[in-house]
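S.K.: Quick mapping for you: the protein sequence lines, in order, are chains B and L. In this text, residue positions in the first sequence follow my numbering: the first is 1, and each later residue adds one. In this text, residue positions in the second sequence follow my numbering: the first is 1, and each later residue adds one.
Don't take every hint at face value.
Identical chains blur together in the list; that is why a pair holds if it fits in one copy or across any two.
With a Cα cut of at most 30 Å, we get these calculated BS3-like pairs of lysine-lysine [stated by the list, open to error]:
id	residue 1	residue 2
1	K239	K164
2	K342	K28
3	K163	K389
4	K76	K431
5	K342	K394
6	K394	K432
7	K211	K239
8	K431	K394
9	K210	K183
10	K229	K210
11	K391	K174
12	K391	K253
Simulated from the structure, these hints should not be mistaken for laboratory data.
Protein chains: 2
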Amino acid sequence: MNILLLSGGSGKRLWPLSNGIRSKQFIKIFKRSDGSYESMLQRVYRQLRSLDFEVDITIATNRAQVSAIRNQIGDKADLAIEPCSRDTFPAIALAGAYLVDVKGISEEEFAVVCPVDPYVERDYFEALKMLAEQAEKGEARLVLMGIEPAYPSEKYGYMIPEKKDRISKVLAFKEKPDLETAKQYMEQGALWNSGVFVFRLSYLIEQVRKKLGYCDYQTLLENYAKLPKISFDCAIAEKEDSIQVMRFGGTWKDLGTWNTLTEAMDEVVIGDGRMDDTCENVYILNELDMPVLAMGLRDVIISASVEGILVSDREQSSYMKPFVEDMHRQIRFAEKSWGSFKVIDVEEESLTIKVTLNPGHSMNYHSHEFRDEVWTVISGRGYTVINGKRKPVKTGDVTFLRAGDRHTIIADTGVELIEVQLGREISVRDKKKHELEGV
Amino acid sequence: MNILLLSGGSGKRLWPLSNGIRSKQFIKIFKRSDGSYESMLQRVYRQLRSLDFEVDITIATNRAQVSAIRNQIGDKADLAIEPCSRDTFPAIALAGAYLVDVKGISEEEFAVVCPVDPYVERDYFEALKMLAEQAEKGEARLVLMGIEPAYPSEKYGYMIPEKKDRISKVLAFKEKPDLETAKQYMEQGALWNSGVFVFRLSYLIEQVRKKLGYCDYQTLLENYAKLPKISFDCAIAEKEDSIQVMRFGGTWKDLGTWNTLTEAMDEVVIGDGRMDDTCENVYILNELDMPVLAMGLRDVIISASVEGILVSDREQSSYMKPFVEDMHRQIRFAEKSWGSFKVIDVEEESLTIKVTLNPGHSMNYHSHEFRDEVWTVISGRGYTVINGKRKPVKTGDVTFLRAGDRHTIIADTGVELIEVQLGREISVRDKKKHELEGV
Chain B
1 MNILLLSGGS GKRLWPLSNG IRSKQFIKIF KRSDGSYESM LQRVYRQLRS
51 LDFEVDITIA TNRAQVSAIR NQIGDKADLA IEPCSRDTFP AIALAGAYLV
101 DVKGISEEEF AVVCPVDPYV ERDYFEALKM LAEQAEKGEA RLVLMGIEPA
151 YPSEKYGYMI PEKKDRISKV LAFKEKPDLE TAKQYMEQGA LWNSGVFVFR
201 LSYLIEQVRK KLGYCDYQTL LENYAKLPKI SFDCAIAEKE DSIQVMRFGG
251 TWKDLGTWNT LTEAMDEVVI GDGRMDDTCE NVYILNELDM PVLAMGLRDV
301 IISASVEGIL VSDREQSSYM KPFVEDMHRQ IRFAEKSWGS FKVIDVEEES
351 LTIKVTLNPG HSMNYHSHEF RDEVWTVISG RGYTVINGKR KPVKTGDVTF
401 LRAGDRHTII ADTGVELIEV QLGREISVRD KKKHELEGV
Chain L
1 MNILLLSGGS GKRLWPLSNG IRSKQFIKIF KRSDGSYESM LQRVYRQLRS
51 LDFEVDITIA TNRAQVSAIR NQIGDKADLA IEPCSRDTFP AIALAGAYLV
101 DVKGISEEEF AVVCPVDPYV ERDYFEALKM LAEQAEKGEA RLVLMGIEPA
151 YPSEKYGYMI PEKKDRISKV LAFKEKPDLE TAKQYMEQGA LWNSGVFVFR
201 LSYLIEQVRK KLGYCDYQTL LENYAKLPKI SFDCAIAEKE DSIQVMRFGG
251 TWKDLGTWNT LTEAMDEVVI GDGRMDDTCE NVYILNELDM PVLAMGLRDV
301 IISASVEGIL VSDREQSSYM KPFVEDMHRQ IRFAEKSWGS FKVIDVEEES
351 LTIKVTLNPG HSMNYHSHEF RDEVWTVISG RGYTVINGKR KPVKTGDVTF
401 LRAGDRHTII ADTGVELIEV QLGREISVRD KKKHELEGV
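Excised from the complex, chain B in its bound form (with noise of 0.2 Å):
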């Protein structure tokens, strides 16, 4: 079976465990059996690897999204990487492209799409199967998922089908309602829009090809900034009449929100946080290195990074966007596909960050224009390699590097440093890469 996983998405909306470059999907928030959390691109990559039929993912992603991704699952996951960012018609397009042209995937087998972010249980991998085997029979040239409403939401499109039988054609799409609307369909036995849908791949290309006039990976790729925003419901599904919907009644949540979100988490506390007995429905995700104190509250979620804190009423939390795109900061945490980094340290013309190397990895061989940097090793070994001449280093040695130094460090051990920047103009653009030299 073909996954094609869709990754994208802002952070807006789980502020502040997410931010401009990390996605709700790269929280982590769930617990694995030996104690440690996994984020939900984590849990549902770990989920399909367990099943025990045979499943060839590739994730359709952004540029800004690949360090994590490659963070958290490693560099075995074949990644279809959007060069901006579009709506889902052109990503499900050249995702189809790059499994057919890049992969070499036949275009007589079928893709099954689905989004990243839904908090599922193993039951729902054995309805993509089923959803896989029934658009394999040819009944209806599009098979989509659809969720068995739990209440009458607004957040969700809606699909009438005609029949309430679990395999049904469907009669129309229907946009995010009112709740008055919303339980109208709920009674007619309307579906949620759950994202999740399988084709043959041939019907993808042929459909490419009729809307934006090209179907191959490389000029879909070299036009990406030119083909029209447009979602896949609109410019496939919604038009299609040969279509199929398969009900799906098991667990389907979507985690967008604070709320729905700490339904799904298994404790109330992760991370260093304690509250009082008088505490109730209260909720604290702490990733700060401190203590969060908690007293009196009820129905709250605290949420602390480096990012900032939040502490709002459940309910409240949904409606957080604007505060914070309100907020003009730089990000202050991010994955890197060789570790992470955190801001410890913001002055006018200084910057200090904390740089974590897993092992064996390395950073981009790169320079800077406009800033020196002093890098203090606190823990690991590896080698820098500075204008083409490497050195080894270990914990408690310093490195200077003056603005224009092509540089990088390589961990053999998980290397930790402090980063001192220093310069008039501070700036995560200033940055050059290079090919790595002398080594």
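Take the given structure of chain B and dock chain L to it, following the hints.
M.R.: Positioned in the frame of chain B, the structure of chain L alone reads:
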């Protein structure tokens, strides 16, 4: 007028803005006319300095507070420093002896003892003056200030006066009562014990000699650890027959808990804090370099510092002490006589701190046995002294300090530096002071 300001206490009730060494009187929460904030200590000191009559101020305090006092009000204030923590009788005995033996004030003069931490206005200081004048009349050996209760409080000790006149003999002292008893006291015209009182120095000296067997500063200092832990009220006031109280009905607020402290705040937000329209009666005090967003809350105090984050119902916050006592954690922020430091990263074998030196100041000349340090100056200039060798430093310079190196930095301008401590045993106790050499 001789003022003895008592500055003691620990910071458990105003965590996380207070900590083991930062008591509530050092938290900067009162807005100055220039938009900056001042602490209770700075406020009362400024108020005393702006009176139109002369005051000689001595601060009775303990060792842990000396740096913060020097930092906040400079080095001009006279400090009578307890070598260890006793109760108020030994503290006042030592401070009284300091006035006479060290400052050379005549035993015939009067001293007004008052705690540093009530929130007061000009009329309070006028009342102190009247209190001293009343004492000078010689009608009683001890004259106290009694606060007219605003409500029946269980938090204060009470004094029962003979009459409801402005000046009256005191019939009895009462411990903190329950609510019912407090109501009865109020009806009887009882007054809160403010901890403010006046005596002739010769009276104090005589009492100290009687109770302790000696009364000179040097002997008290040397034997301080052996002195009984007893309050001035218990040791002296409650046993004195010749005692008067003067009523005070002006502004007097004890800001000992978040609930009372927030009542005295001029603004609901100090630091980077935002709240939505649905927040009611919410206070944000944020010392961190990141935004706090509050949504849909009512009657909540949010307070954040490098020590931690408190989110509490305002009433409930009064019960935080046991939770804070349970947090065994190194201090993350401290004001020093020369500036301040803040812990910005903690690892097993490293600690990274940001050090801020005020212009013209320098840290003690010292060495560490078990750790190396790396200093990166991020702003300002001055010079280092390492093993007797002086060297200028400026922004961008890096200094290595090996275990055993005697070192200091002397700031010409304000200096900020990032200090990375490295070693297997990093402890605040690993510090040996030396005489500055070779400068």
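S.K.: How do K391 and K174 come out at 30 Å by Cα distance, when the copy is not named: within, between, both, or neither?
M.R.: For K391 and K174, the Cα distance exceeds 30 Å both inside one copy (62 Å) and across copies (74 Å).
S.K.: Within a copy, between copies, both or neither: which one fits K342 and K394 at a CA-CA cutoff of 30 Å?
M.R.: both (21 Å within a copy, 26 Å between copies)
S.K.: With 30 Å as the alpha-carbon cut-off, assign the pair K239 and K164 to within, between, both or neither.
M.R.: within (22 Å within a copy, 90 Å between copies)
S.K.: How do K391 and K253 come out at 30 Å by Cα distance, when the copy is not named: within, between, both, or neither?
M.R.: Classified as neither: same-chain Cα gap 50 Å, cross-chain 63 Å, threshold 30 Å.
S.K.: Is the C-alpha distance from K431 to K394 at most 30 Å within one copy, between copies, in both cases, or in neither?
M.R.: both (25 Å within a copy, 25 Å between copies)
S.K.: At most 30 Å between C-alpha atoms: does K229 with K210 qualify within a copy, between copies, both, or neither?
M.R.: within (16 Å within a copy, 90 Å between copies)
S.K.: Give the relationship of K342 and K28 under a CA distance limit of 30 Å: within one copy only, between copies only, both, or neither.
M.R.: Both: 16 Å inside a chain and 28 Å across chains, each within 30 Å.
S.K.: Between K394 and K432, at a C-alpha cutoff of 30 Å, which is it: within one copy, between copies, both, or neither?
M.R.: both (26 Å within a copy, 28 Å between copies)
S.K.: Evaluate K76 and K431 at a C-alpha cut-off of 30 Å and name the case that applies: within, between, both or neither.
M.R.: Classified as within: same-chain Cα gap 27 Å, cross-chain 50 Å, threshold 30 Å.
S.K.: Please work out whether the CA atoms of K163 and K389 approach to 30 Å or closer within one copy, between two copies, in both situations, or in neither?
M.R.: neither (70 Å within a copy, 89 Å between copies)
S.K.: Is it within, between, both, or neither for K211 and K239, if the alpha carbons may be no more than 30 Å apart?
M.R.: Only inside one copy: K211 and K239 sit 12 Å apart there, 98 Å across copies, limit 30 Å.
S.K.: Have a look at K210 and K183 and pick one of within, between, both or neither, based on CA distance no larger than 30 Å.
M.R.: neither (38 Å within a copy, 86 Å between copies)
Hint compliance for this structure: hints 3, 9, 11, 12 are not met, and every other hint is.
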